[in-house]
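**Q** Each chain, written out:
There are 2 protein chains.
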Amino acid sequence: MTTSLNSLTPVCPTHGVLSPVPGTGVQLSDGFWNTRRQLNTDRLLDHCDTWIDRMGWYDAFRVASGQAPDRTFKGKLFTDADVYKLMEALAWDLAQRPDPAREQRFAEITELIAAAQEDDGYLNTFYGPQGRDARYTDLAHGHELYCAGHLFQAAVARLRAGKDDKLVSTAIALADRLYEDYAAGLIASSDGHPEIEVGLIELARATGDDRYRDFAKQLIETRGHQTFEHHAIGHEYYLDDIPVRDAEVLRGHVVRAMYLTAAVVDLATDTDDAPLLETVQKQWENTWARRTHITGGMGTRHLGESFGSDFELTPDRAYNETCGAVGAIMVAWRLLLATGESHYADAIERLLYNMVATSPNAEGDRFFYVNPLLAREPAIAVEENEAPFRKDTQRANWFWVACCPTNVVRMLASLPAYFATVDGSALTLQQYSAGKIETLLEDGRTIRLAVTTEYPWDGTIRLGILETTGEWTLRLRVPEWAHGAHLTVNGEREDVPPGYTSSTRTWNADDEVVLHLPMKPRVVVPDDRINALRGTVAVERGPLVYCVESLTSDPDAVDLDRFRLNVAHDIEERPAHNLSDVAVALRARGVLADETYTDQNWPYQQASSTDSVATTEAVVELIPYYAWSNRGSSTMRVWIPTL
Amino acid sequence: MTTSLNSLTPVCPTHGVLSPVPGTGVQLSDGFWNTRRQLNTDRLLDHCDTWIDRMGWYDAFRVASGQAPDRTFKGKLFTDADVYKLMEALAWDLAQRPDPAREQRFAEITELIAAAQEDDGYLNTFYGPQGRDARYTDLAHGHELYCAGHLFQAAVARLRAGKDDKLVSTAIALADRLYEDYAAGLIASSDGHPEIEVGLIELARATGDDRYRDFAKQLIETRGHQTFEHHAIGHEYYLDDIPVRDAEVLRGHVVRAMYLTAAVVDLATDTDDAPLLETVQKQWENTWARRTHITGGMGTRHLGESFGSDFELTPDRAYNETCGAVGAIMVAWRLLLATGESHYADAIERLLYNMVATSPNAEGDRFFYVNPLLAREPAIAVEENEAPFRKDTQRANWFWVACCPTNVVRMLASLPAYFATVDGSALTLQQYSAGKIETLLEDGRTIRLAVTTEYPWDGTIRLGILETTGEWTLRLRVPEWAHGAHLTVNGEREDVPPGYTSSTRTWNADDEVVLHLPMKPRVVVPDDRINALRGTVAVERGPLVYCVESLTSDPDAVDLDRFRLNVAHDIEERPAHNLSDVAVALRARGVLADETYTDQNWPYQQASSTDSVATTEAVVELIPYYAWSNRGSSTMRVWIPTL
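Residue numbers (the working numbering), protein chains in the order written: chain A, 27 to 669; chain B, 27 to 669.
If you are wondering where the hints come from, they were derived from the structure by calculation, not from laboratory data.
There may be inaccurate statements among the hints.
Where chains are identical, the list cannot tell them apart; a pair therefore holds if satisfied intra-copy or between any two copies.
As the list claims (entries may be wrong) - SDA-like cross-link-like pairs, simulated, lysine to any residue; straight-line CA separation at most 20 Å: (1) K189 with G525; (2) K417 with L329; (3) K192 with R531; (4) K546 with Q631.
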């Protein structure tokens, strides 16, 4: 398998089972994801640009290049990376939707960045001359190489858009500087926050310069020997507790874990290291089976923004950082390309609909940073134009630490590149959206399809063949939840289990393929070992996790602490109340416990003294989790106690 | 009600319903608490002294006084306080068990402290001349006034032991310096960590100098206006989110909350401020009813060592800092004295048996810092002579941050002072231990009692009257869990409900009073609003919370993830296996789910697809929670899922 090194796609492995269909080959039209992609183009990108400017993160480059006086505040070590992540997002977006004004803005920011680069190629606004700390003096916490990695990813985006410009040369000069300084022993370890590794490998792929991959390999292979400074959650915070080849599960800081793991998959793939790939697959499998929330969110713990131990999946304070979901998609996509196993695409779908889609609001000016599954009290409100220090708030315009917004915009800008893959003479649709897909098979034949669907609201996915030559294989992913799906090819029906359908034939332009996914609401039961979820259920429909939301502005709102779902009743589909972005809401029946229920002065009583509680019938509305907190202050539950 | 200002007791309110019987009036003999008090005298005090020396925390005083070169490490802002807490513990212990060598050591440390005091009375090893930071420059984080508060508490202990020595004069000089600097506007706020307030008020009580109380009042009343720097959990971390009179529940950092609240009770009591006292009672009531774990532990969250919101009582990672329990006892004891309500003494009993007793190991050389209710994986082992940075470990000799060991030793040293109270012509036994109690009633009559009991293993508490004159009232606390208790006075039986018994008569030296508390194991059910505990039960016996512990060294150990308790079976009493410190262990029956149970690649499945799991009968041993992790590496559960 070979892929053009510079297809418009974030990940171009040199080996592996599947090749990505480039973003240029996937045209999303009306529907769930195109709305978000368009919001990104129209609103989110400029929003990030404005806020980065307002926060002074461009000024940091001006100070470093001597264009502005000394920065007074030195606390934020990683804001260069936010500039680079925005540049990456702009590069993807410009490649698909050229816009001279935006191109001009891109060039301006490029000049700002390049001006801060020192003569020897070094670039970081926090380290260097002019009273700044010396290079490589705080690798554990300084985010110095981390920032470089994000510049490399932005440069790769630019290269793959066919623009070998100053951003690219700036990134390469920095990569060469770091490569040489590492070789010379000036850089004693990797960065406490992995990211340079994944940036270096993709830069190697995009430039053909294998030194960068070798550099990444050394950083990866030397990690895990507890060399970083102590941390309140131990060396696992940095993934520095054990070497990657010895680890059985992901742990520590979720985003660190995901960025590192993405690079490890890249390394294993490019170097044909089957044992390493198998190790990472096992790590992912254990993490997905025991350390992942139903939304795909990862990181139960606020302290260290970190994974809990197995089955520590508490909804109350689930941290579930948005960046962790972006990182998990990075890993799952690489594993999908490396192995061709559909469950990785299932994971991506879950993460996209229930984590990535949850972060921005419908207006495109606020983001969630953390994504708990329970809001017993309404989340803390954030004023307009406030960038809070704490992260467990309602959606905010920006955050004092703002890794998440820039991660969301780069993900949405490159989103079409995650929808389809080719291998040999097969095309596989990994995700579903209305639109058109055009790709080359490996032998050079061009295939064009039209997809018509209202997924995720409706389960019918209709494919028309627009361009075809000879025999080839069409595969469609049947999601793991879609038991009872069926496929019709020109009216001929076949039941299809979760996994991939496979239809090989000499296709004609009037062939019609329709995948029918069952969209009945599903009541989902948690593994009994998850303490925090025992005695509760969640409701899903299609790829969407639903939640009950109770608006504080609604005088008839149900007190979610007192609601108990009756699973004997069917869940009904209903139009959503006052949510334009939701086509299907649900209604569930249960009971509301009497208010006297709240009157105990000690919450642990002898079994015999627990009186049964009076209840009344009650009905609640369920909405997709991604849409919560869009109608104002509210309480919310994904996991609902049952009768 | 009046109390001698210098009885040997940590808290001497100028008003209130009850007066403490001084520590000198309570002689513990053989039994649960005397074992621990003796361990404190024999082992823990010297252990702390040795470790404070080893960690360089005495050296900080030597550096400040110019007796040693500059300290190189500046990270630990609060270690002066650990020295002071040890001094407080030594002072209480010396007052009850004079020991010339220990008295000499006390004098040596006093000299060390006094030498570091500046000419104007200021004293803190982290602030001052010789390149240190300037005074009062980081009140939010610097622990500057906090350290002073602990010195004041140590000085009070010394004063109440009748030793008006150099430690006392040093403390008073510092108190005067701070009082004047605050009055002059040099100290802009209180300390981010409350403690000075409770120290100041007790110093006012012990010296009769009301300026200190006024100073504390100002610090308390001006708090709550969000003046401290932002924190990841918000201003509530510092209890600086809302003024104390407006708060309805305790929140933020648990130890900060408890130290502040103790001072607020003191202030309300001494100033006869009934509305303020009522406010604090309500805060305690809400905290106890909704934010306290079954052990009395508080602080669900690791981030910020802080309270969760209501019913966020997750066992997996419950932080439950040992210091928080010491702080909660400080508050509950003050509320008990102020109100005479027995439930505060119930809370103290729960905290003592299940939190304070849990911290030190039986050998007296290791401590728990955090006290979770579930160890799904064995806690992290700590090598001998290692002081870990992280706190979620097995018991350790010491910690990099070591507030807890010194809090435990000062609590154990002053423990007898928490056992009994007098008011008018009544004596109340608040806690039970074998021993002797001697006190004056308010009219000056002397009463002496002998207590014979094997509590908490046996529920029989037998009292003999050793000295008596005329009529007086004997009250005994019947714990809130002791439904079905009865009292016999000279053989005459009376059923007694939870609360206080009350027997008024002209007692004779041969009168015998016996309280019978029912000690049958109790199965306890959590409030259904606690997500993390739904579908589980805990087992208690007497004042002790029990847990199941599964030793990793035991080849027949039960996998606690797979055990389900059958509540239909009685819990049986059994001798403990290999635990000399436990007289009664328990045995419970249930089932063990099949191992295949663990084989799912996604932990949330549709209800219909959840197969029933094969099980086999199983029996587990339960031991008191305080004794867990004493027999080596183990997993542990307080809350046990039921069938």
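**Q** Look at each hint and say if it fits the structure.
**A** Evaluated hints:
Within a single copy, K189 and G525 get their C-alpha atoms no closer than 38 Å, and across copies no closer than 81 Å, so neither meets the 20 Å cut-off. Proximity of K417 to L329 under the C-alpha cut-off of 20 Å is found in both arrangements, the shortest distances being 12 Å within a copy and 12 Å between copies. For the homomeric pair K192 and R531, neither the shortest alpha-carbon distance inside one copy (47 Å) nor that between copies (97 Å) is at most 20 Å. For the homomeric pair K546 and Q631, the shortest alpha-carbon distance between copies (15 Å) is at most 20 Å, but the shortest distance inside one copy (40 Å) is not.
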